[in-house]
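Work out the full structure: start from the sequences and follow the hints.
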Amino acid sequence: MIPFLYNVAQAYYKADGQNISRYTFVFPNRRAGVFFQHYLSQIADTPIFSPQILTIADLFEQLSPYKKADRIEMLFMLFNIYKQVGKTNETFDEFLYWGEMLLNDFDDIDKYLVDAQQLFRNIKDLKDIDAGFSYLSETQIGVIRRFWSNFLPVGENDKKKDFLEMWEVLFQLYSSLRNQLAEKNQAYEGMIFRDVIDSFSKNLDYELPYEKIIFIGLNGHSKSEEKLLTYLHKKGIADFYWDYSSPLVRDPQNKASFFMDKNKVQFPSQLSLQPEELSFDHPTVEAIGIPSSIGQAKYVHTIIKSLLTENQIVSSDQAMNTALVLPDENLLLPTLYSIPPEIDKINITMGYSLNNSSVSGLMEHIFELQKNVRRSENSAGFYYKPVLAILNHRYITNIAGQEAKQLRQNILQYNKIIVSVKELEIHPLFILIFKIIDNWYDAPEYLKNILSTLRKSLYTQNEKENEEEQISARSVDIEGEFIVEYYKTINKMNDALQNVSFEMNIETYFKLLKKLIVNISVPFTGEPLSGLQIMGVLETRALDFDNLIILSMNEGIFPLKRATSSFIPYNLRKGFDLPTYEHQDSIFAYHFYRLINRAKQIYLLYDTRTEGLQSGEVSRYFKQIKHLYADSFDIKEKLTVYKVSSTESLPISISKTREIQEKMNVFLEGGDKQLSASAINMYLNCPLQFYFSVVENMAEEDEVVETIEASMFGTIFHSIMEWLYEPFKGKMITADLLHKIRKDEKLLTENIERSFAENYFKTEKIKKLTGQNYLTGEVLRKYIKQVLVTDAGLTPFIYVDSEERIKMEYTLPSGKVVSLKGFIDRVDEVKGRTRIIDYKTGKGVLRYKEMKDLFDKNLKDRPKAVMQVFMYSHLYMQKYPNKIIEPGIYYLRNLFDAKFEPGVINKSGRNDDHITDFSMYREEFKEYFDTCLNEIFDPETSFTQTPTGEACKWCIFTNICKK
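0 is the number of the first residue of the sequence shown in numbering that gives the first Met the number 0; add one for each residue after it.
A hint or two may mislead.
[To be verified] Straight-line C-alpha distance at most 27 angstroms; calculated DSSO-like pairs for lysine-lysine:
{"id": "1", "residue 1": "K370", "residue 2": "K261"}
{"id": "2", "residue 1": "K261", "residue 2": "K233"}
{"id": "3", "residue 1": "K344", "residue 2": "K404"}
{"id": "4", "residue 1": "K510", "residue 2": "K491"}
{"id": "5", "residue 1": "K514", "residue 2": "K447"}
{"id": "6", "residue 1": "K211", "residue 2": "K201"}
{"id": "7", "residue 1": "K761", "residue 2": "K415"}
{"id": "8", "residue 1": "K898", "residue 2": "K878"}
{"id": "9", "residue 1": "K421", "residue 2": "K404"}
{"id": "10", "residue 1": "K261", "residue 2": "K67"}
{"id": "11", "residue 1": "K434", "residue 2": "K415"}
Since the hints were derived computationally from the structure, they do not count as laboratory data.
Shown next, in the form of structure tokens:
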């Protein structure tokens, strides 16, 4: 294979020898220029001076007096003009999105030499088109007419009115921006291009500082580039070389050929290149589908290993014949980690995006922190989520680990949704970070102070840890470089904002900074002319390789599918010969087919997943090769899948070893713990869950709860009911009293707010409820009132106690003594019977068929609540044997049913037996209850998984047991 650039270098050196040093060579990108110099040095075989190497943009900039303007500064300039021209109160934040769009449109207008005044005309009548656009072709006028004939009349359509309002000021914006930039001797790229062409048009004998200019490997041009090439060609100082040797690129049906005929006719080559040898061996194209983006990067290791084994890559130095092309730059790091150790020389044209660095992640959290400042009358603080994200960041844990841990525990323990500034100031770094910034002009110094401290701390800590050889100095240098690059970017933006005279909010400043950061790449150092070549799609222009590995060959990624962000409608773009998506499609098709032209081994890796917006579809380019050009390639297809074991999880059974029995002894006589009804119900639901939670004390990691969960809702409700009835403990309750309490909104509000403060906010300070908490409070109010209505129907009754705690040493028939506890929500006396009431926040059943059902582990809908209230009744009778006990359950969601009754019902026969005297059922309950407790402490009975799986729905241990 003769690389295209080698062929051109050879032809020119053969024709002009060392005189080549006087020429200027123009390439699509700088990488192509480096390769050209490399080939030239090989051909010359003696030292020569290098010719001047430029890109097309470099050439225009050399020919123009203007300097390239900073984009951020241009956005502010454009906004100022818009405020004057449009007479609007729009904020810069609102303007930012389409300000970017307009800069792109203005750039296109100038690069394609469009008459902006004609483009932005407000066509009031279709006759205006015939009168005003006579210089355009019939086809162009037809497209423009199609747009305006569909658009007119405007009528009362608000969207059309808004569009026209904006359309009418666009020319003023365009011309004013150009004028202001010209006064500063600055310009955007399109303006530079247009200025150069205008200068040539006015002065045909323009003095050029070049003896000869050779354009190599270009393809799609803008109008201004085409005019420049034409001008230089007419002057007789330009030569052109096009890489159209591929029969696929020459195929008229292929979009890759879109610019070919025009370029070859208008800009012919002066020298003949060496004919390329025809190979009888077809290149191999292997399409490999992998169900993961990272999986593609990992598969690179396999491909390079096979290339090394087959001597397609002879050594690391000679791996220059192999290119890894990454249409998706996010795969750069995973790909680097996948390269075999035999390849120790790598050249990366792509930089690593600063946006993906650790420091950028921390800054994102800081931006969120400042956007979520919360103020009250006497204090200010931050929303807890960004605070926790910052405290968990590895930079912070490395520098102030102990203080960060302390703060995290405090936030979780007290469920702090808003964290005050004062309590965060426990470390010098935290004082810098957790400082409220009100104005955008304070933000640069604020961020730079944080970055400076981070960098100093990073190096200070590195010196300490290096003594213990725990950290690589190289990784610290890389991290330090990212921090420095971020610092420099803030300075750059600060310079651009020096002349800003209007207000913007802090959020807009952060948005602008993020836009800058996204475009910053920290370059990797490498060997430009040896080793494996890693690059993006645009960096491959004019280069040739024997082995190609292209990742992300998915439709929508290569070629990229992106809606054009433009204020100029499609038909007007087409009518005025501005670039459209078809133009973009042609350019990317050319890049692909030219790139594979001289390759011997081509690997196309794509992601097969179809989740979300991903289609899992391979790129159209492979489909074209497969169905249209199959005769030109040896095509292979492969799907790589993960071996996922679907074998059933083995059952888990925990035997009661001596160690486990010792742990359980804390619940026996002499121990310091008691078994609750909830724990016993947990055992009946799933013995293994009981073991993890009760015996081993395993629990979920604490987290801040923003919304009231069911358990917290119940706790708040229990406290309110306790406090409302507390003044009447031991007294007779009448219907009038309950109606009075129900109508006392102030009393209810006080108790709701107090319960929220104590149980949810975990503070003594009572405050008004807002937002979702207020709505939850109103729901609680409805439930409380309905309980009072229900209770009024039972009056008169004596209220005995709330939240009565029972602790008892319970002796089993075996002689074993178990420590039990219970919290009875409410005890009252109605018509001579003592009611044991349990409040439940959801819906539930009050019926059961047989006593054994309460303890049946195999029963899917076991009446758990009935077992719990029976246990409380049983223990209460141990303490008060002469009481007539009536168990009851208040299911809050059932309260509003017209026939609601809280009493438990035994449905063993045809009739419903309302249990008004628990003593009649106590002995049977005791028998099953004692058996259950004996089983829990029986050394021969293992802790096994639930037989029904019902308990798994809400179990936090499912990842352990895998049932």
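We went through each hint and held it up to the structure:
no. : hint        : result
1   : K370 / K261 : violated (54 angstroms)
2   : K261 / K233 : holds (16 angstroms)
3   : K344 / K404 : violated (42 angstroms)
4   : K510 / K491 : holds (15 angstroms)
5   : K514 / K447 : holds (18 angstroms)
6   : K211 / K201 : holds (22 angstroms)
7   : K761 / K415 : holds (9 angstroms)
8   : K898 / K878 : violated (33 angstroms)
9   : K421 / K404 : holds (17 angstroms)
10  : K261 / K67  : violated (31 angstroms)
11  : K434 / K415 : holds (18 angstroms)
Hints 1, 3, 8 and 10 from the earlier list are contradicted by this structure; the remaining hints agree with it.
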